[in-house]
Structure formats: structure tokens, C-alpha cells
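Working from the sequences, and respecting the hints, build out all of it.
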Amino acid sequence: MVSSGVQVLGTTFSPFVNRVRISLNLKSVNFELIEENLAAKSDLLLKSNPVHKKVPVLIHDGKCISESLVIVEYIDEKWSGDDGVSILPSDPYDRAVARFWAAYFDDKVVPVLFKLSFGPESERVALIEQLAEGLVPLEEAFMTCSKGKSYFGGDNIGYTDIALGSFIGWIKAIEKMSGIKVLAEAKTPGLVGWVNKFLSTDAAKKFVPELEVYVELLKKMQA
Amino acid sequence: MADQEVKLLGVWASPFSKRVEIALKMKGISYEYVAQDLSNKSPELLKYNPIHKKVPVLVHNGKPICESLVILEYIDETWKSGPSILPKDPYARAMARFWAKFIDDKCFPSIWKIRKSQGEEEREKAIEEAKEQLAILENELKGKKFFSGDEIGLVDIAANFIALWVGVVQELVGVELLTKEKFPRLCEWSDDYLNSSIIKETLPAKDELLDRFRAMFQRTD
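Just so you know, the sequences run in chain order A and B. Residues in the first sequence are numbered consecutively from 993, following this note's numbering. Residues in the second sequence are numbered consecutively from 7, following this note's numbering.
Hints in this document: simulated from the structure, not taken from any laboratory. Incorrect hints may have been included.
Within a straight-line C-alpha distance of at most 20 Å, the following computed DMTMM-like cross-link-like pairs (lysine to aspartate or glutamate) qualify [as the list claims (entries may be wrong)]:
#1 LYS69/B / ASP1098/A
#2 LYS188/B / GLU134/B
#3 LYS112/B / GLU130/B
#4 LYS86/B / GLU1069/A
#5 LYS1173/A / GLU1121/A
#6 LYS33/B / GLU83/B
#7 LYS53/B / ASP1086/A
#8 LYS107/B / ASP1098/A
#9 LYS1046/A / GLU146/B
#10 LYS1100/A / ASP1147/A
#11 LYS1197/A / ASP1147/A
#12 LYS53/B / GLU1131/A
#13 LYS206/B / ASP217/B
#14 LYS1055/A / ASP95/B
#15 LYS53/B / GLU1132/A
#16 LYS31/B / ASP156/B
#17 LYS1045/A / ASP111/B
Following this line, the structure appears as C-alpha cells:
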């Protein structure tokens, strides 16, 4: 395989890293995943992301870029072409809406996922409810963005699908471990349909680990 | 066509709101400013930003855009004439977005923590954290006049609160944070920034802002 000189520092299970892998794959960009042990960070990671010391980091053309959504936008802009795949929509207003919902997800939903996974057990019931509530606005967002099609991005997956979809395995694992559905057919039918469609895409099959992977990981981390 | 109806729901004392005003002025876009009272949120604000119920909200031809950095990119993409807020090169754009996010995710909360901390120990810890982040920004300025180079861009606009609001927090709380000794480049950047015409025209005067904050915190403390 000819390397195009693109490396991704990360893990196979980090949803943030998987946003990047999905995006590169959509653009048919070959890359090498350099797996990091987050408990013992490599010199390469510390050198290429000195500010945050986190994954993912994209290394391309000798330059390092970090923060998953910043990387996704870079990928969209760097590998763009008239006949190529676009990750963000072309209309400025639609782009603003996509960016808004990805930021919403990172600011409001992801922290709850972290607390649920690594916080005290006593808080879990309240947090599950908070998670379910946090997902409700995304139902309307999906209806608006998809305009009746399968994905937030329309006929094909786009920015918002990638930002949110990479977390599906983790969310489903939390549902299984708690025995509580956070994405329920009754409250969020559109999202439930979207989840199923997303999981059947190539991107998800390749880069979104199944819930069992996360169940095992969480059991290990919570022990 | 792009100019039809531009409205900004904002708050005079908010750095986030002011970011959008800076961008609109940079591009020479005329807009209607609708001042908001966050202690008594207007139906318009709640309608246009039901998720966060916050300012700023830009309403363009009846369609709302929320979150200041999202709004800045929208402005840059919609009004192509006038100075660019983001650079053209994808890597440079990625760097601009990275640093703007750093300012919002790290700098802003840690400086605000100084104001909110209870007790000396908590305050000292907050100050140390804030200084670490300012040191990172100091390093990033690396001989540039502005974060974006010769002209003001996305990161400089995002850093408006460092140029002005940090000074206000310093005086309110009685701490030394952004000093010429520790942060010579940041201080020089701040002077150049606050003296540039659009920023001068848009941002409040420091004394007025200080008075407003003093009044605000007296009411809520």
C-alpha cells in the first residue's frame, strides 16, 4: 500500500479518533493508524500535541493537527474536488447548522457519557436520564437536517453523522449495562432509524466498534 | 443579496456577543442590534436559540445562527467581500480553529474560575491554571503582530476577552495575571489590538465595563 504520508495517532475505540478515520476513508485517503497507549503516552504524541496531549492527532505533510472536529474540517478542505465526496454541506447556513449540532453534542452529551462511564455508580441513574434528555433536541435536528432522507447529511453521511455516529457503540454499551434505553423509539423515532441506517454504512462497519467492545472496555475501566 | 436582513441579538458586556459585532463591522455589514436582558429573556431570544437561550444570535433573513465561533465562520462564508476572518490555506484554517477552540475551552473557563473561586487556595489554583494557558498563548504569538499575522483574524477576534475582560477580572478580584513581565508579547498584542480602529469602535471602554461588572456581581453575590 502506497502511503500518502498521512498518519493518525489514536486508538481503534476512541470515537474522537474514529471521526477522523471515517472522514479519511470517505475521501479515499490512505492512512496509517499509529496506536497509542493512553496510559503511557508516546513521545510522538507528546511532541505532536503538546497543548492537550490527546488523541486524535493527524500528521500530514510534516504538520500536526489535533481536535477531532478541527481535523475533520481540515480533511474536508484539504481533499476537496468537484467530483469528490463532501463532508460539510455546501450552503453556509447548512454548514452553520451542522457545526452547531456537532458542538452541542460535544459540549452537552459527551461529558455525560464520560461521567456515566467513569463517575460514581450512585449518580448513574440521574445521568442516564440526563443523557436521554440531551439526545431529545437531536431528534428535531435530524428531522430538519435530513429533510426526509436517511442521514443528517441527506443521502450520504456528512459532518453531523460522523460527529455523532462515531459514538453509537459507546452509547449502546451504556444502554446495555444500565438496562435503560436512551434512544427510545417512542421519543426519538427519527434518531433510532438514523442509528440503524448509520450502523449499516461501510464507515460504521469499518470504524465504529460494536457495543460489546465498549462493554468489555467499560467493565475493565470501571473495575 | 447577502445583505438583506441582518439582526444581532446581543449583550453589551458579553465578549461572545462583541465577537460577532467585530466581525460584522470588519465586513462592513449593516445590521440591527437588539440588546437582550439575560435576566428576563425575550421571546425572540427563546425562539431563535431554544437550545442554549444565550447570546449572541445572528438572524439572517429570518434564520438564526447560534454560538459565536459558528457565527464567525458563517459570516466569513456568506459575505465574501471585505477582509477574511479565516485564512485560505486548509492547514492555517485548522490552526485558527484550534486556537479559537483553545481560548473557549480552556482560557475562558479558567479565568472565569478566578472570579468565582471561594477562598485563597481555590483562587491560587485557578490563577496558576490561567497562567499556564496564557503562557501557551504567549508562545503562540511568536513574533507575530496578531495571532492571525499582520491583520486581525479569527483567533484575535476570539481572544477579545483576553485583551479586555481579563483586565476587568484582575481589577475586580485584585489579582495580577497579565503582566508585561510575564507576558510581554500578549500585552503588546493587547495594546495593538485594542488600539486598532474596528476594535476600538466596537469594544466597551474598560472603565465602563468594570463598573458594569461591579454592579452585576454585587447584585448576584
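Given the hint that LYS107/B pairs with ASP1098/A, does the C-alpha gap stay at or below 20 Å? holds, 12 Å
Pair hint outcome, LYS206/B versus ASP217/B [Cα-Cα no greater than 20 Å]: holds, 18 Å
Given pair status - ASP95/B, LYS1055/A, alpha carbons within 20 Å: holds, 13 Å
Assess, step by step, whether the Cα of LYS1100/A is no farther than 20 Å from the Cα of ASP1147/A, and give holds or violated. violated, 27 Å
For the pair we were handed, LYS53/B and ASP1086/A, check the Cα-Cα distance against 20 Å. holds, 19 Å
Between the alpha carbons of LYS112/B and GLU130/B, is the straight-line distance 20 Å or under? Between LYS112/B and GLU130/B the Cα gap is close to 17 Å, so the pair holds against 20 Å.
Is the Cα-Cα distance between LYS188/B and GLU134/B 20 Å or less? holds, 13 Å
Are the Cα atoms of LYS1046/A and GLU146/B separated by 20 Å or less? Measuring from Cα to Cα gives roughly 19 Å; hence the hint holds.
Given the proposed pairing of LYS33/B with GLU83/B, does the C-alpha separation stay at or below 20 Å? holds, 11 Å
Sort out whether ASP156/B lies within 20 Å of LYS31/B, counting only the CA atoms. holds, 18 Å
Taken at face value, is the distance from the CA of ASP111/B to the CA of LYS1045/A at most 20 Å? holds, 15 Å
Holds or violated: LYS1173/A with GLU1121/A, Cα cutoff 20 Å? holds, 10 Å
Consistency note: the structure conflicts with the earlier hints numbered 1 and 10.
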